[in-house]
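Chains as they are written, first to last, in UniProt numbering: chain A, 1 to 148; chain B, 1 to 148; chain C, 1 to 148; chain D, 1 to 148; chain E, 1 to 148; chain F, 1 to 148; chain G, 1 to 148; chain H, 1 to 148; chain I, 1 to 148; chain J, 1 to 148.
Since the hints were made in silico from the structure, they are not lab data. All C-beta atoms, glycine included, are put in the ideal place defined by N, C-alpha and C. One or more hints might be untrue.
[Said to hold, decoys possible] Partial list, computed: chain A residues near chain B (C-beta under 8 Å):
1. K17
2. A18
3. I21
4. D25
5. I29
6. L30
7. P85
8. M94
9. K108
10. V136
11. M138
12. W148
[As the list claims (entries may be wrong)] With beta-carbon atoms standing in for the labels, derived distance ranges:
13. F/H106 x H/A14: 44 to 54 Å
14. G/G31 x I/K135: 52 to 62 Å
15. F/D25 x J/E64: 47 to 57 Å
16. F/A18 x J/G20: 31 to 41 Å
17. D/K19 x C/S48: 49 to 59 Å
[What the hints assert, rightly or not] Over the 12 Å line for every Cβ pair with chain F, so calculated as not near, a few chain E residues:
18. E34
19. E51
20. L61
21. S71
10 protein chains.
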Amino acid sequence: MTVEFPAFTHTILAAKKAKGISFADLETILGRDEVWIASLFYGQNSASPEEAQKIAEALGLGEEAIAALTSYPSKGLGPVVPTDPLIYRFYEIMQVYGYPMKEVIHEKFGDGIMSAIDFTLDIEKVEDPKGDRVKVTMNGKFLPYKKW
Amino acid sequence: MTVEFPAFTHTILAAKKAKGISFADLETILGRDEVWIASLFYGQNSASPEEAQKIAEALGLGEEAIAALTSYPSKGLGPVVPTDPLIYRFYEIMQVYGYPMKEVIHEKFGDGIMSAIDFTLDIEKVEDPKGDRVKVTMNGKFLPYKKW
Amino acid sequence: MTVEFPAFTHTILAAKKAKGISFADLETILGRDEVWIASLFYGQNSASPEEAQKIAEALGLGEEAIAALTSYPSKGLGPVVPTDPLIYRFYEIMQVYGYPMKEVIHEKFGDGIMSAIDFTLDIEKVEDPKGDRVKVTMNGKFLPYKKW
Amino acid sequence: MTVEFPAFTHTILAAKKAKGISFADLETILGRDEVWIASLFYGQNSASPEEAQKIAEALGLGEEAIAALTSYPSKGLGPVVPTDPLIYRFYEIMQVYGYPMKEVIHEKFGDGIMSAIDFTLDIEKVEDPKGDRVKVTMNGKFLPYKKW
Amino acid sequence: MTVEFPAFTHTILAAKKAKGISFADLETILGRDEVWIASLFYGQNSASPEEAQKIAEALGLGEEAIAALTSYPSKGLGPVVPTDPLIYRFYEIMQVYGYPMKEVIHEKFGDGIMSAIDFTLDIEKVEDPKGDRVKVTMNGKFLPYKKW
Amino acid sequence: MTVEFPAFTHTILAAKKAKGISFADLETILGRDEVWIASLFYGQNSASPEEAQKIAEALGLGEEAIAALTSYPSKGLGPVVPTDPLIYRFYEIMQVYGYPMKEVIHEKFGDGIMSAIDFTLDIEKVEDPKGDRVKVTMNGKFLPYKKW
Amino acid sequence: MTVEFPAFTHTILAAKKAKGISFADLETILGRDEVWIASLFYGQNSASPEEAQKIAEALGLGEEAIAALTSYPSKGLGPVVPTDPLIYRFYEIMQVYGYPMKEVIHEKFGDGIMSAIDFTLDIEKVEDPKGDRVKVTMNGKFLPYKKW
Amino acid sequence: MTVEFPAFTHTILAAKKAKGISFADLETILGRDEVWIASLFYGQNSASPEEAQKIAEALGLGEEAIAALTSYPSKGLGPVVPTDPLIYRFYEIMQVYGYPMKEVIHEKFGDGIMSAIDFTLDIEKVEDPKGDRVKVTMNGKFLPYKKW
Amino acid sequence: MTVEFPAFTHTILAAKKAKGISFADLETILGRDEVWIASLFYGQNSASPEEAQKIAEALGLGEEAIAALTSYPSKGLGPVVPTDPLIYRFYEIMQVYGYPMKEVIHEKFGDGIMSAIDFTLDIEKVEDPKGDRVKVTMNGKFLPYKKW
Amino acid sequence: MTVEFPAFTHTILAAKKAKGISFADLETILGRDEVWIASLFYGQNSASPEEAQKIAEALGLGEEAIAALTSYPSKGLGPVVPTDPLIYRFYEIMQVYGYPMKEVIHEKFGDGIMSAIDFTLDIEKVEDPKGDRVKVTMNGKFLPYKKW
């Protein structure tokens, strides 16, 4: 299934590739995490005008890019069940470990959820002689259910 | 939507509640992470006979519990799109950050995926005066696509 | 489609009916809003032991009710698209006014969402000679997207 | 998932952005609520020719805009289950609080529904030192089931 | 697909069959249309206590029947797309004639809908030498979209 | 969800609007019901060459229109569950009154269905001081199940 | 996916098996086609009291069987897309040859459909040295679209 | 729902219409059944170069047509559940008569299926004073399940 | 999602476990492949009376087991998209390698399919110091599309 | 359903056809399996720059092809349930033999899965006088569930 991305996503990824700039480079330029920057490129977060300006300069893009990077479009990218194997594994983790996580979070915090908005996500490469490992760290504010 | 769990899940969670034992206690008893133990209770992982024995003893359960904890039933718990707000947030993270993670992982590792099998998941409570935070650490082996 | 509710829901609604107690009465007894109390009955929120005790007493229910009212089961009740006309109208409102609300909320607050957890919901009957009206007031904390 | 909007929606939102006019400004110009106006822009409601004329003038648009604003196209915008986090929260509210609202509305009014047609929706920003809040007020006529 | 009906539906239909009473007979006894009565039996409408009493008497049923007939359960019966050929034809009519009806209703009434709540539905047998015909008359209040 | 109509539908509806001709006018010109004519415009029925000719003349359209009006394209217009409120109400009627209608039709006619092919559909505006009403009359041949 | 059949289906198929009676035998006893009889057993058609009597006698069943065989339950058996390979092939034929059949039927008959109600279906075994063949003959009345 | 066909399908059907050639004519020209030829036009079967040549000549088409007619594209045309009434009736037949056919085929042949590949399908018009009938004959090789 | 298996499957798997007999043992006893035997246990294939007898004896089961093993129930086990990680990988292989396989099979064989009925499937453990490997060999008859 | 492939897929398949080069030829040129090469063409795997260069040369394609062949786009091609008969058979195998394979793999290897990433897939034509056979060999690393 060809997943449809915002038109802007193709433009900015092509510019990044042409410039030979990595997300890690952009992390240095912008002072923001590479995953957050990648989420900007997919229209899932929005930059301040200053941030958008810096990105546009780094990638040689103009006003249209700044407009796109500072807007708040409809979020959520993939098909209902992702078919891309890399992304599906995160769906599988939710299917397999979702209720176990619910049990442990409730035991530690009580009734409530982990925010996906007041939230950060970090990816690290952990070198390992038996095969490198991907370390994903999610950090979200616990929101207790309000009673009224 | 009432999600259907394996019949055993209800039994073992009730026994754990009746005994007043937390997953953290079980972590100490078993020497295994509390999330992994919770996943055992939901039929998503399988214990060795010795591990099953220790859990059964701690919770006052018999042979049937050991049989259930050491078997490999069909995995994957929830509805296609979860309705429980705590679990839905992990689905939303996959919808919103899935492709950005794919970009960053490919940039760091090349073509391949993070394994969800050679994989660990840890949950920590990070105290914070502005509101405690949930920290979820996923650690999976990177599997490069084999060429042939 | 017969929607499946937690077994406890049927018990507690039957007890409430038998006692002839309204949600408004329970609001007075408990000092909590009637919608929140109704959400408790459907397993969508959880009470403190003291709150559960008061409800159990009012309805003549025992320990099992207290256990159910203080637990945190899987949330989310209906089919993917509700078929009940009263509930469907709220789905329709989301379909018809969802993006318009997104525009107005973003204009007033910037990028972020209205929390459905740090959230209250109130229902009032507004008498009107041309036909009484239902007034639903939702009040949720605005959560700005965190940058990192 | 890139949600498809009527072609006109993109045109009118771009014109509004270019003119630097907010929905609040349009509320003043038109004497109609900003949410209703936003719903017009998404083709979910229809204006009178006079109303369409005023909007077209304010945004510097011509006959085509008037034609679009006064027509009655197919309504309902999003995917079956919304993926945009802001809009999803309204879906979650329906999933979690739908049946509780049904209980309370039936208790207050008897068998029937809240109209989504003879209906208004208002959004307010409630300032709060612990974090501003979004207040959504829905007001719909109660329609009792007719017997025949 | 075996469609699941409320348990009560089976009981009351069996009682009606055992008594050899038709919906037309019940129409005479109750002074209400047979389709409305059939909708009561499927939990889609609710009777007053007096009406419930009359039906229970006619069918030799007790208090439980009266309780069921006067309650307001979750409505909407079938699968998303009905498989029963008789019911599917009404789905097909909506698929084939839905937009044409929308055009004609908008032309006659302006923007709005036909209410399915302030609504009656009547079925008649029209004898015809070339084959009898089913005449279904729907009559619903037109609800214009409210502006605010 | 922007519903996709046959390209021709847009052309002919635009021509009709430009000419200021109503479906009621076309009913007079053609001697066929306005709903049937609207269904022609949506590619759900097919005209004879003479009928197509008359319509093309009335709307100032050429050979291409005649070809489209006389062809038999794939039928069925909307999404599986319609999101347009006007059309959804007909889906809701099928969900709520489908099985009750099945009961009454079977009681009156025996095992069989109402044809949606040997079928007519008429819409009338019934003026009423308490609010005008939409009257929809469906008339289909009863088809008994053939035994063999 | 275990497909759910009407409870009666299991009873009558078990009785048939116990008696060692084939559908071909029942065809002789009843003077009706074996496919029609099999469809009776699955609640997809209904027998006259005399026919039901004959079947009940042949299979040693009582009043309950007669009641089931003469009733008109909800029809349509399988999941939306069948998983049973034998039945899936008929779904595949509809997917692959549906539009080609539509072309040929329209060319031969004009606009309309083949009735699935005024319809018979016959299955024959055609012996063939290269492998026996299944011959399915469907015969349905052509129903032209009525104009009005 | 506008069903999407391969681009080639529109071209070849238009050419056939322009030439005034029927599928029956093509049957004579090609010495192949008209349904098979229609399936070619929808990209569901593939012709030999000689067959493609004959069709291209008959319809005045060139190399591109020959390339399309001899290729093996992705098969299966319609939506999951067809909305076109003519095609839906074949889906309904599978829903209603699928399991009855399975019973009869298993009784006649044992465990296995009717092939949809080693398969022919023929459509005949059977004239009848009470209304002409469509006769569809399917003939597929029986494939017994291989044991190993 | 708890996948529902035929009731018999649970019985026979429990008997096999209690007897401590492996599928490899059954392969020796029956002279049939272990995968085929496992498919029997899940109601996906059917045994001859002699084969059923041997299995029943080996597992200490009676007439009911023989009846189940020799019957032809509805086939196809899992949810539409499997959630079990082991089974999902085969779904993923079909998603990722399906069209590439189609290309290669068409190039080698022409238009047609690999039979899933005249078909065998074998699983081997290939020991490997870098990690043992699962080798799955599928062998199905090529069926060319019949022309007619 | 016309399955959408990456735009590049059409270009490269057309170039391959125009050059008259088979996947078997490319296997020789590249020293990689033909299925792997076909999967490259569908954007399901990625080549090294040297491999991409060789393919581009063989097919007379330029820089754009090299860029496409070395990128890692979103994977997973078909609709949720494939409609193409050749590909559907692999879906059917997963539906019918999925759980039996799970049983046998667990018995041979313990709890874990066959990798679809550290994985090869080979297709062979096995000539047979009773009809040639397709032999598909899958070979994936067994990944045991990690405990932590």
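Each hint tested on the structure:
With a cut of 8 Å, the hint placing A/K17 at the interface with chain B is violated, because the nearest CB-to-CB distance is about 11 Å. About 15 Å separates the beta-carbon of A/A18 from the nearest beta-carbon of chain B, more than 8 Å, and the hint is not met. Given the 8 Å rule on beta carbons, the hint for A/I21 is violated: about 11 Å separates it from the nearest Cβ of chain B. Taken as an interface hint, A/D25 does not check out: its beta carbon lies about 10 Å from the nearest beta carbon of chain B, beyond 8 Å.
For A/I29, the shortest C-beta to C-beta distance to chain B is roughly 15 Å, which exceeds 8 Å, and the interface hint is violated. The interface hint given for A/L30 is violated, since its Cβ lies 14 Å from the closest Cβ of chain B, which is over the 8 Å cut-off. The restraint placing A/P85 at the interface with chain B holds, with a minimum CB-CB distance near 5 Å, inside the 8 Å limit. The interface hint given for A/M94 is met, as the beta carbon of that residue sits about 4 Å from the closest beta carbon of chain B, less than 8 Å.
For A/K108, the interface hint holds, the least distance from its beta-carbon to any beta-carbon of chain B being 5 Å, beneath 8 Å. The closest approach between the C-beta of A/V136 and any C-beta of chain B is roughly 4 Å, which is under the 8 Å cut-off, so the hint is satisfied. Nearest Cβ of chain B to the Cβ of A/M138: about 4 Å, under the 8 Å cut. The hint holds. Hint status for A/W148 relative to chain B: violated, with the closest Cβ pair at about 17 Å, above 8 Å.
Taken as a hint, the range 44 to 54 Å holds for the pair F/H106 and H/A14, whose Cβ atoms sit roughly 46 Å apart. Taken as a hint, the range 52 to 62 Å holds for the pair G/G31 and I/K135, whose Cβ atoms sit roughly 57 Å apart. F/D25 and J/E64 have their C-beta atoms about 55 Å apart, which keeps the hinted 47 to 57 Å range intact. Remark: the range hint 31 to 41 Å for F/A18 to J/G20 is contradicted by a beta-carbon distance near 54 Å.
A hinted range of 49 to 59 Å holds for the C-beta pair D/K19 and C/S48, which are about 53 Å apart. For E/E34, the shortest C-beta to C-beta distance to chain F comes to about 5 Å, within the 12 Å cut-off, and the non-interface label is violated. With 12 Å as the threshold on Cβ separation, the claim that E/E51 sits away from chain F holds: the shortest Cβ distance comes to roughly 16 Å. At the 12 Å boundary, the C-beta of E/L61 stays outside the reach of chain F, the nearest C-beta of that chain being 17 Å off.
Against chain F, the non-interface label of E/S71 holds: every CB pair exceeds 12 Å, the least being about 16 Å.
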